[in-house]
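Input sequences plus hints: build the corresponding full structure.
Number of protein chains: 2
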Amino acid sequence: MRNLEKNNFKKSLLIVFSTLSFSLFSQAQSPAEGRAAPKNDQQLIREMYNTALRDPAAYRWLESLCLNIGHRLSGSPGAEKAVQWSKSMLDTMGLDSVWLQPVMVPHWVRGEEMVSVKAKNQSKAQVLSALALGGSVGTPANGISAPIVEINDWDVLDKIGEQGLKGKIVFYNRPMDPTYIRTFEAYGCAVDQRVHGASRAAKYGAIGVMVRSMALRIDDFPHTGTLRYDSTYPLIPAVAISTLAAENLSDLLKTNPDAVGSIKLGCKTLPDAPSFNVIGEIRGSEKPDEFILVGGHLDSWDVGHGAHDDGAGCVQSMEVLRLLKASGYKPKRTIRCVLFMNEENGLRGGRQYAAEAERKGEYHLCAIETDAGGFTPRGFGFEAEESVFQTFFEKVKALQPHFEPYGLVLTKGGSGADISPLRGMKGLLCGYSPDSQRYFDFHHTAADIFEAVHERELELGGASMAALVYLLDKYGL
Amino acid sequence: MRNLEKNNFKKSLLIVFSTLSFSLFSQAQSPAEGRAAPKNDQQLIREMYNTALRDPAAYRWLESLCLNIGHRLSGSPGAEKAVQWSKSMLDTMGLDSVWLQPVMVPHWVRGEEMVSVKAKNQSKAQVLSALALGGSVGTPANGISAPIVEINDWDVLDKIGEQGLKGKIVFYNRPMDPTYIRTFEAYGCAVDQRVHGASRAAKYGAIGVMVRSMALRIDDFPHTGTLRYDSTYPLIPAVAISTLAAENLSDLLKTNPDAVGSIKLGCKTLPDAPSFNVIGEIRGSEKPDEFILVGGHLDSWDVGHGAHDDGAGCVQSMEVLRLLKASGYKPKRTIRCVLFMNEENGLRGGRQYAAEAERKGEYHLCAIETDAGGFTPRGFGFEAEESVFQTFFEKVKALQPHFEPYGLVLTKGGSGADISPLRGMKGLLCGYSPDSQRYFDFHHTAADIFEAVHERELELGGASMAALVYLLDKYGL
Chain A
13 MRNLEKNNFK KSLLIVFSTL SFSLFSQAQS PAEGRAAPKN DQQLIREMYN TALRDPAAYR
73 WLESLCLNIG HRLSGSPGAE KAVQWSKSML DTMGLDSVWL QPVMVPHWVR GEEMVSVKAK
133 NQSKAQVLSA LALGGSVGTP ANGISAPIVE INDWDVLDKI GEQGLKGKIV FYNRPMDPTY
193 IRTFEAYGCA VDQRVHGASR AAKYGAIGVM VRSMALRIDD FPHTGTLRYD STYPLIPAVA
253 ISTLAAENLS DLLKTNPDAV GSIKLGCKTL PDAPSFNVIG EIRGSEKPDE FILVGGHLDS
313 WDVGHGAHDD GAGCVQSMEV LRLLKASGYK PKRTIRCVLF MNEENGLRGG RQYAAEAERK
373 GEYHLCAIET DAGGFTPRGF GFEAEESVFQ TFFEKVKALQ PHFEPYGLVL TKGGSGADIS
433 PLRGMKGLLC GYSPDSQRYF DFHHTAADIF EAVHERELEL GGASMAALVY LLDKYGL
Chain B
13 MRNLEKNNFK KSLLIVFSTL SFSLFSQAQS PAEGRAAPKN DQQLIREMYN TALRDPAAYR
73 WLESLCLNIG HRLSGSPGAE KAVQWSKSML DTMGLDSVWL QPVMVPHWVR GEEMVSVKAK
133 NQSKAQVLSA LALGGSVGTP ANGISAPIVE INDWDVLDKI GEQGLKGKIV FYNRPMDPTY
193 IRTFEAYGCA VDQRVHGASR AAKYGAIGVM VRSMALRIDD FPHTGTLRYD STYPLIPAVA
253 ISTLAAENLS DLLKTNPDAV GSIKLGCKTL PDAPSFNVIG EIRGSEKPDE FILVGGHLDS
313 WDVGHGAHDD GAGCVQSMEV LRLLKASGYK PKRTIRCVLF MNEENGLRGG RQYAAEAERK
373 GEYHLCAIET DAGGFTPRGF GFEAEESVFQ TFFEKVKALQ PHFEPYGLVL TKGGSGADIS
433 PLRGMKGLLC GYSPDSQRYF DFHHTAADIF EAVHERELEL GGASMAALVY LLDKYGL
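Each protein sequence line maps, in turn, to chains A and B.
At position 334 of the first sequence the residue is numbered 346 (the working numbering), and the sequence of numbers has no breaks.
At position 375 of the second sequence the residue is numbered 387 (the working numbering), and the sequence of numbers has no breaks.
If you're looking for bench data, these hints aren't it; they were derived computationally from the structure.
Treat the hints loosely; a few may be bogus.
If several chains are the same, the list does not tell them apart, and a pair holds so long as it fits within one copy or across any two.
BS3-like cross-link-like pairs, simulated, lysine-lysine; straight-line CA separation at most 30 Å [stated by the list, open to error]: (1) Lys299 - Lys344; (2) Lys342 - Lys178; (3) Lys407 - Lys424; (4) Lys180 - Lys299.
Okay, structure coming up:
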């Protein structure tokens, strides 16, 4: 028990009181005929939060998406089902339009996988918990086997060079740095191993790579994710191994430097497949040709449910439209929910969307992406082209007091991958920023399931985004 | 995947840069002879965070406390073991003193428990997932059985009165309000049912009570917790039933208003038992007779591991001393870690500590309590006697910039139960405030186990408190 209930009761009275007395930014409005007085900003925002917390549609949607469909890599049957499912959900919401925007996407499929290591003195190989990296080439049917060279530093890789790496398997084992407070920074400083490791090793004649999973926790979940081949060098197979497997492998190599690694992968890249971005919108009453976008990505990796990444962002984006409609607010601008296809391994959906928007001259006053997990909201980050950023950000900062009752901070920097191709159109870009401590326990793994998402945390995020959309529409930039 | 690694890498460079350039409040100090230049505030705080995140002692201590000892209700063998364990841990830390402060505590023990309901048309009673409330009297050996009256409002209870309640079991079923953003507020507005429900029902002749668990989630974990009897009325047995059981019972009563509830409890209160607060301190170099206290409570309820409530707070408080010592900082004041006994059902430890402090004239410049779970830190709340609060809080607010890299906010209001008896000594009282969304999923249940605490979230809390203690000691109030 924390505190006595009397103190808490007094505190809650204080909070209710301060909520009622919060009138900064609220505008006096004349009551419409025959109706109750319009809500002020504080009331309307509070109502959207209340609706989300009492009647959590995003959470129910996420349950349906995760448990009835599950993971949904671009080009897969799951992705196709998710497109149809999300369109049908949007269709029930009384929006002004719902449609599918066609886009061709990469189509990579996982196959048989077996990764192991065997020291000379061992009678049997040890299986390493592993997943092929997305986009990896497969191996010959019997796999590949070679001694393993552990690398924790690019300089060391370059120094060892062809002499030490030719014919070998490179094992990248530089951990994410736990001292970053925001775990995305730690990810950003380690993920180069996963993205570029294969080609940088192939340059020196290596025949395969194993990459320590992008995670802070030591456990046995391998974390997949995209790689990028440099076509200058041979395309060699690449897998992620769990952090536990990486620790054990590193220990083994210390005493058995000639241990032999084996990788067998049946994965392959098929021809591009047709797919869709899924879009729903509430048409603006005054400036229908100006847009505020809120979106996440519908595709996921092909393990788990893609619950935090990014089922959460999809259902939160849908929730924004629901909350705005339920509030009775009539937006001036068109509010669009976009569920992007193919963020994980191509960004084709984001590029297609931006190309279409540019072709039609659709000015996006702001695009908000939610793709950092369904955890407790901490704030929003904003960016834009340099020429417009300062003006925008001053307007944004003026909205800060509205978010204080909800513990949110509006900061510079950080938006999202899917909306990044809109940057050239000189609108404001925004990334929803939830708490990041647990995100890399789940990211791109079989552990990223519905049950890992907390109902209140998810819903607070949807309501926070609805509040931001409302304020940006009402006050402009 | 969120963002491309290049963007993240740029962002992290920016963060590193802004960290390095953060010099507000740091004081120029002349290098001591033959040693490296003393660290500035920013560096010292950053180092304490780094130590906590790289080498998480609090998390390892929590594992040991939870898995080797487990729950530890006042007067129980677990509580005795926890006293010895925590003293032995503090003894290894190279502190200036470690000791046990004797205190007599209530000694309530749970016994056999069976709670059920049976509608007339049912052949078999349905068992309700339940736990006796702490301090409840037991029932006769065969239990009690009576029709159930559901109450959601005190006014209704008073209106129904003796005529409707005499000989009945009262079922309190007013849920926690999900629309509070901080869940402690929702708890504060609902827990009166658990604390006062038994006596308020007994006043009208009821023979027992069932209380809906204090939780926001619908699940099958009953949440125990303390009750307070008003000795004016008969002492009647009281249990908490899970939120799921409460929902089901309420549904059943709608169609079967004459359903009969049964409660059988073997719990009882034994004579007060001897126990201890566990205290360790680093002696101040300049003002050894002035104190900064950081503490949590060592006792827990008698289910689960008491991991969030309040094993987390205990190990974080110990971590504060470890981090300060590891940093090389020599505090001016005495920094004391106090693991209070009996917060849950008596507050005897907190009262004893304050009485001793007053007797010895030990002025506590600040007492910080951590008893709100081991989740991601959000900030600190401060309170004090009115005559001194404003002066203190202005000094505190000046420390805010130090906490911005860590996402913490310093606010008015809210400290902790164990330190509340120190209020009369006119020091500053402070409550550590982590994210509250998940807390009432675990609070006082069998689900409050070690595995429910996240290593980074726990450690960030310990480091945040160490930073606050350091700054308060260095700059005073």
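Please write out, lowest number first, the hints stated earlier that are contradicted by the structure. 2, 4
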